[in-house]
Amino acid sequence: MKFNKSALVMILYILFLMLPIYWLINMSLKTNQEILSTFSLWPNQLTLDNYMVIFTDPSWYGGYINSITYVIMNTVISLSVALPAAYAFSRYTFMGDKHLFFWLLTNRMAPPAVFALPFFQLYSSVGLFDTHIAVALAHTLFNVPLAVWILEGFMRGVPKEIDETAYIDGYGFFTFFRKIFMPLIASGIGVAAFFCFMFSWVELLLSRTLTSVDAKSIAATMTRTASASGLDWGVLAAAGVLTIIPGALVIYFVRNHIAKGFALGRV
Amino acid sequence: MKKTPNQKAWFMVLPVLLLVAFSAIIPLMTVVNYSVQDTFGNNEFFWVGLEWFEEILHSERIHDALGRQALFTLIILSIEIPLGIFVALHMPKKNGLWSSLCLVLVALPLLIPWNVVGTIWQIFGRIDIGLLGYTLDKMGFDYNYTQDSFAAWATIIIMDVWHWTSLVVLLSYAGLKSIPDAYYQAAKIDQASRWSIFRYIELPKMKGVLLIAVLLRFMDSFMIYTEPFVVTGGGPGNATTFLSIDLVKMAIGQFDLGPAAAFSLIYFLVILLISWVFYTIMVHSDKEAG
Numbered sequence: 001m002k003f004n005k006s007a008l009v010m011i012l013y014i015l016f017l018m019l020p021i022y023w024l025i026n027m028s029l030k031t032n033q034e035i036l037s038t039f040s041l042w043p044n045q046l047t048l049d050n051y052m053v054i055f056t057d058p059s060w061y062g063g064y065i066n067s068i069t070y071v072i073m074n075t076v077i078s079l080s081v082a083l084p085a086a087y088a089f090s091r092y093t094f095m096g097d098k099h100l101f102f103w104l105l106t107n108r109m110a111p112p113a114v115f116a117l118p119f120f121q122l123y124s125s126v127g128l129f130d131t132h133i134a135v136a137l138a139h140t141l142f143n144v145p146l147a148v149w150i151l152e153g154f155m156r157g158v159p160k161e162i163d164e165t166a167y168i169d170g171y172g173f174f175t176f177f178r179k180i181f182m183p184l185i186a187s188g189i190g191v192a193a194f195f196c197f198m199f200s201w202v203e204l205l206l207s208r209t210l211t212s213v214d215a216k217s218i219a220a221t222m223t224r225t226a227s228a229s230g231l232d233w234g235v236l237a238a239a240g241v242l243t244i245i246p247g248a249l250v251i252y253f254v255r256n257h258i259a260k261g262f263a264l265g266r267v
Numbered sequence: 001m002k003k004t005p006n007q008k009a010w011f012m013v014l015p016v017l018l019l020v021a022f023s024a025i026i027p028l029m030t031v032v033n034y035s036v037q038d039t040f041g042n043n044e045f046f047w048v049g050l051e052w053f054e055e056i057l058h059s060e061r062i063h064d065a066l067g068r069q070a071l072f073t074l075i076i077l078s079i080e081i082p083l084g085i086f087v088a089l090h091m092p093k094k095n096g097l098w099s100s101l102c103l104v105l106v107a108l109p110l111l112i113p114w115n116v117v118g119t120i121w122q123i124f125g126r127i128d129i130g131l132l133g134y135t136l137d138k139m140g141f142d143y144n145y146t147q148d149s150f151a152a153w154a155t156i157i158i159m160d161v162w163h164w165t166s167l168v169v170l171l172s173y174a175g176l177k178s179i180p181d182a183y184y185q186a187a188k189i190d191q192a193s194r195w196s197i198f199r200y201i202e203l204p205k206m207k208g209v210l211l212i213a214v215l216l217r218f219m220d221s222f223m224i225y226t227e228p229f230v231v232t233g234g235g236p237g238n239a240t241t242f243l244s245i246d247l248v249k250m251a252i253g254q255f256d257l258g259p260a261a262a263f264s265l266i267y268f269l270v271i272l273l274i275s276w277v278f279y280t281i282m283v284h285s286d287k288e289a290g
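Chains as they are written, first to last, in the working numbering: chain A, 1 to 267; chain B, 1 to 290.
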């Protein structure tokens with residue numbers, strides 16, 4: 001009896017989550033004419049035209065390529081600087097460590113709206129405006145602190161005796177880190193990468209401010225199309241559905257660590 | 001774990017420090033610079049001292065935006081936290097297909113780009129083509145989020161609950177999973193009621209993660225920009241103009257650099273102050289837990 005009640009709660013909650021997404025998929029499979037003329041719970045004339053528009057128009061599919069490019073760049077940069085720092089925070093005390101740690105976190109608290117204009121001026125003045133690397137660097141503002149925080153949480157769970165034994169066995173620091181330590185916190189690295197991916201992927205304001213043509217993100221393409229040429233609901237819905245897919249794939253891969261990851265490794 | 005003092009650890013932190021300094025301190029200095037100067041164009045600036053700060057602190061428009069922001073954050077926290085805990089208590093505990101499915105589906109809204117979340121609800125709430133709007137309209141409710149400010153608020157709150165409750169669910173679920181079975185067996189022997197199991201075993205064990213949940217939800221809801229921007233654009237009128245929307249309007253729309261910069265700094269300080277309080281509580285409870 002108890003199981004049934006739990007299952008019922010979960011089914012209701014998931015239904016609440018899935019309904020709007022179903023509606024988006026429903027819209028994306030209809031023609032614009034059908035969307036505006038008849039109201040139906042499923043497409044009467046199933047069409048893939050909306051998706052064809054996206055896959056054949058470079059200004060649409062280019063947006064996806066640009067987004068994925070800067071998201072991957074950002075993930076790589078964030079993780080490679082966060083790994084040594086998180087190790088330092090989890091193993092050593094040093095002058096100002098607590099202040100530094102909190103200061104890093106404050107950057108996660110900074111409203112992107114505050115940084116939009118200064119970023120625009122900074123990256124324009126160094127000639128990086130409208131490049132992938134500009135967006136990737138801008139997103140490190142909130143991703144690096146988060147990666148440090150998550151990795152530190154996971155690294156704290158690895159006993160220090162392992163480090164010491166490795167040094168006694170004659171491992172140098174870098175061999176130890178690569179061969180012994182990284183495999184031990186592999187799930188932590190996976191979770192941190194997942195979060196960097198996620199927050200860079202979902203962000204709109206900075207990526208829209210820092211790009212115009214060459215590196216325009218899919219999010220920017222969607223909002224600009226919406227305001228420029230009236231509303232092509234079908235194509236907009238199809239574009240939305242396609243942005244959900246990478247996220248769904250990434251969740252599937254980290255599903256067993258996701259709960260611990262959201263707790264920032266602190267359970 | 002005992003940590004070793006080691007000043008050379010600074011070298012490991014250095015890359016992070018340089019990178020974040022480049023992307024945080026330089027822009028922040030620009031903001032501070034603008035906040036104390038005025039310009040007539042042509043890149044000629046002159047010193048105005050704290051004038052902009054006074055103007056912002058006395059501005060009716062900012063007070064209203066701050067009021068709306070505080071109300072919004074309060075409402076969504078008081079819905080999402082209890083709802084999230086409630087759902088987490090019903091998450092399947094055994095590993096298996098059903099629990100994987102639940103995890104993936106529950107986490108899905110978190111991975112949708114924020115503007116797409118906006119688009120989803122923009123479509124879902126429309127009375128001509130959206131399921132929610134259409135149903136409410138046919139049921140005789142006067143629902144139109146582009147014209148009625150109550151409907152606009154309701155839409156944005158439901159959207160945020162839809163979008164972010166899962167975060168609280170996942171956090172609480174992680175906390176619940178860390179409770180050893182022995183605790184429950186002991187409670188069973190003591191014939192503890194369902195409520196006292198929750199109150200004296202589950203809630204204290206979830207305290208740490210719940211603090212993180214409140215902290216994250218507070219920060220992110222206080223900075224909310226994209227979703228209401230896409231759905232209502234801050235309207236009708238100024239009904240859903242939250243702080244970030246107002247700031248972007250001021251800085252990029254009207255290009256009022258001085259007031260916008262002063263506004264930014266005050267805004268950042270408010271978030272920082274409240275987050276610092278949460279953070280301190282969190283670190284302390286971490287220590288108590290050992």
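The set of hints was computed from the structure by calculation and includes no laboratory data. Errors might be hidden in some of the hints.
Said to hold, decoys possible - So the derived label-pair ranges between C-beta atoms look like this:
id: 1; chain 1: B; residue 1: L203; chain 2: A; residue 2: L8; range: 15 to 25 angstroms
id: 2; chain 1: A; residue 1: F39; chain 2: B; residue 2: D190; range: 54 to 64 angstroms
id: 3; chain 1: A; residue 1: L12; chain 2: B; residue 2: F198; range: 12 to 22 angstroms
id: 4; chain 1: B; residue 1: G237; chain 2: A; residue 2: L41; range: 28 to 38 angstroms
id: 5; chain 1: A; residue 1: D57; chain 2: B; residue 2: S149; range: 32 to 42 angstroms
id: 6; chain 1: B; residue 1: V48; chain 2: A; residue 2: A186; range: 49 to 59 angstroms
id: 7; chain 1: B; residue 1: F198; chain 2: A; residue 2: D57; range: 32 to 42 angstroms
id: 8; chain 1: A; residue 1: L46; chain 2: B; residue 2: D190; range: 58 to 68 angstroms
id: 9; chain 1: B; residue 1: F46; chain 2: A; residue 2: I14; range: 58 to 68 angstroms
id: 10; chain 1: A; residue 1: L19; chain 2: B; residue 2: V48; range: 22 to 32 angstroms
id: 11; chain 1: A; residue 1: P43; chain 2: B; residue 2: A186; range: 48 to 58 angstroms
id: 12; chain 1: A; residue 1: D57; chain 2: B; residue 2: L57; range: 40 to 50 angstroms
id: 13; chain 1: A; residue 1: S212; chain 2: B; residue 2: V48; range: 27 to 37 angstroms
Even for Gly, the Cβ is constructed at its ideal location relative to N, Cα and C.
Hint by hint, here is what the structure shows:
no. : hint                               : result
1   : B:L203 - A:L8: 15 to 25 angstroms  : holds (23 angstroms)
2   : A:F39 - B:D190: 54 to 64 angstroms : holds (57 angstroms)
3   : A:L12 - B:F198: 12 to 22 angstroms : holds (20 angstroms)
4   : B:G237 - A:L41: 28 to 38 angstroms : holds (34 angstroms)
5   : A:D57 - B:S149: 32 to 42 angstroms : holds (37 angstroms)
6   : B:V48 - A:A186: 49 to 59 angstroms : holds (54 angstroms)
7   : B:F198 - A:D57: 32 to 42 angstroms : violated (54 angstroms)
8   : A:L46 - B:D190: 58 to 68 angstroms : holds (59 angstroms)
9   : B:F46 - A:I14: 58 to 68 angstroms  : holds (59 angstroms)
10  : A:L19 - B:V48: 22 to 32 angstroms  : violated (52 angstroms)
11  : A:P43 - B:A186: 48 to 58 angstroms : holds (55 angstroms)
12  : A:D57 - B:L57: 40 to 50 angstroms  : holds (49 angstroms)
13  : A:S212 - B:V48: 27 to 37 angstroms : holds (32 angstroms)
Hint violations for this structure: numbers 7, 10, all remaining hints satisfied.
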